[in-house]
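If you read the sequences in order, they're chains Z and R.
The numbers in the first sequence follow the working numbering, run straight up by one, and end at 362.
The numbers in the second sequence follow the working numbering, run straight up by one, and end at 1151.
I should point out that these hints are in silico values taken from the structure, not numbers from a laboratory.
Watch out, some of these pointers could steer you wrong.
To be verified - When the alpha-carbon atoms are kept at most 20 Å apart in a straight line, the in silico SDA-like pairs for lysine to any residue are as follows:
1) Z/K141 x Z/G343
2) Z/K156 x Z/F134
3) Z/K133 x Z/Y226
4) R/K1120 x Z/Y226
5) Z/K209 x R/L1134
6) Z/K337 x R/K1120
7) Z/K180 x R/K1109
8) Z/K23 x Z/G188
9) R/K1109 x Z/F125
What the hints assert, rightly or not - Partial pick of chain Z residues on the chain R-facing surface, computed with a CB cut under 7 Å:
10) C83
11) K201
12) G358
Virtual Cβ for every residue (Gly too), placed ideally from N, Cα, C.
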Amino acid sequence: METVSYKCLNCEAPLQYSAKKLKFYCEYCRSEYTEEELKKHFGQMDAELNNNQPVSEETQADDVPEGFEDFASGTVMYTCQSCGAEVITDKTTAATFCIYCHNPVVISNRLTGAFKPDKVIPFKFTGEDAENKFFEFCQNKHFLPKAFISTAELNKIRGVYYPYWMIDSKKDGCLYATAKKVRRWTQGDTEYTETKIFRCKRAGLISFKDFPHPALRGEHSKALKYVNPYNSQDFRGFTMAYLSGFLAEKRDTERSDVQGEVDQALQEYSKKIYLDTITGYDSVMVDSVNVKTMDEHWQYAMMPVWMMNFNYEGKDYLYAMNGQTGKNYGELPLDKKKLALFGVILFVALLLLSILGGFFLL
Amino acid sequence: MKKNCIKRTAAVIAAALTIFCCGISASAESIDIAEVPAASEVNNYAVVYGYDDHDGNYDYNYNNDKAPATGKSKSEPEKKNWLKIILIALGVSIVGTGLTVYFIYRGYKYNGMTEPYEYKDKAPLELSDREDVLIDVQVTTRHIERNNNNN
């Protein structure tokens, strides 16, 4: 398995991308490099790597000991360029750390050829900032278990680049709806209700820009959906160096696998967009909506996410924070005892206040 | 963050409304039964003497001292109201607590499930056709019952 490690031009130590300085830096000699400076030195290597076609990652059957076939089918071995250790990763890992020397490693084969991302949004804040944001967020959550916000658990936060399909799509369509306007008035002993029924039609071109769809299936796909939206202004052309110092996953879906889901999602958004233009009515009911694709352009992008896995009372929780905007997603563990106590106190307080309210208004 | 604020505000408003409604309902109950005198009481306190003033009109003299002491005493209905007030307060407290706990639970369970795509900013619409055609007008009437009985 071919790996690449971006090394400091001064001391040969591994380089990492700093979200704070927005530069590449060496934590040993404290050298800093811009993207342009790195391109001068590693540009040729990157170009060569990008021209490589991804090689088959199938583990040879002869190499696999009996009873480990399932394990081998989901894992791949690579050699760390710093210490020479052989390390195992799963099939979608594109960047990681060597578990022996902790140097950042980018598995280049997984990000070349058809699997080369078109663009990337670099992390905008550091792991420390993510922790602070997390604490800030937790301060307002009074029913979290204490262990959830302990420093030990927060150390599990990891910066991960996740793969997304970014879709630009032009949809031409038409929506028909029935809208109602109701007016009521009274004359003598009679109340009149007038209902005016309108047939509404809206047709036009919708230009979807950077519609994100997770390109990775599995347990994280829901989290990847809801850490959105990202700000498209920060997109940059992809280079592997951005992944250095973070974890990264490669996509495991093709466009054809998710085309149906994307079409359905865009149809729903089209409906909302057309409906937003039907205003001034008391009720609107959609009769039909037809949308056809005029033009569509798909790109493969890597997006930054701070991830945390947490186990509480035997259940795994996944917490995700958008690495650009800080928006968070994830089911939070609830301290049921605290909530029950709060419920009892609230109940008693409400009961007493209600009785007192009734008593004093006598 | 905004969504959490809204949820919290909604919970506080729900609790406040609960208390307010409870107070209103309890006071309404108490006014209905305790303060409005019963018909028998009105009669007992009402006309004591009536006479014709020879112009075809009747004049009345009132004498509250002569009202019989056998009317309903005020403490009796109050005792009955306590039970109703407590029952109403109990019901309202259960609903208020249930709703608040549910909103908190929901906030933790579905934390961050907001619109993942800013379609209003990222998906502009160029309208090519826009029609709103009136196709029908329906008028329905309802007779309003008026209570003309002043008693």
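Hint-by-hint comparison with the structure:
1. Z/K141 x Z/G343: holds, 16 Å
2. Z/K156 x Z/F134: holds, 12 Å
3. Z/K133 x Z/Y226: With Cα atoms ~17 Å apart, Z/K133 and Z/Y226 stay inside 20 Å; holds.
4. R/K1120 x Z/Y226: Given that 20 Å is the threshold and the Cα spacing comes to 17 Å, the pair holds.
5. Z/K209 x R/L1134: violated, 35 Å
6. Z/K337 x R/K1120: Roughly 42 Å between the alpha carbons, so the hint for Z/K337 and R/K1120 is violated.
7. Z/K180 x R/K1109: violated, 37 Å
8. Z/K23 x Z/G188: violated, 78 Å
9. R/K1109 x Z/F125: Roughly 26 Å between the alpha carbons, so the hint for R/K1109 and Z/F125 is violated.
10. C83: violated, 39 Å
11. K201: holds, 4 Å
12. G358: holds, 2 Å
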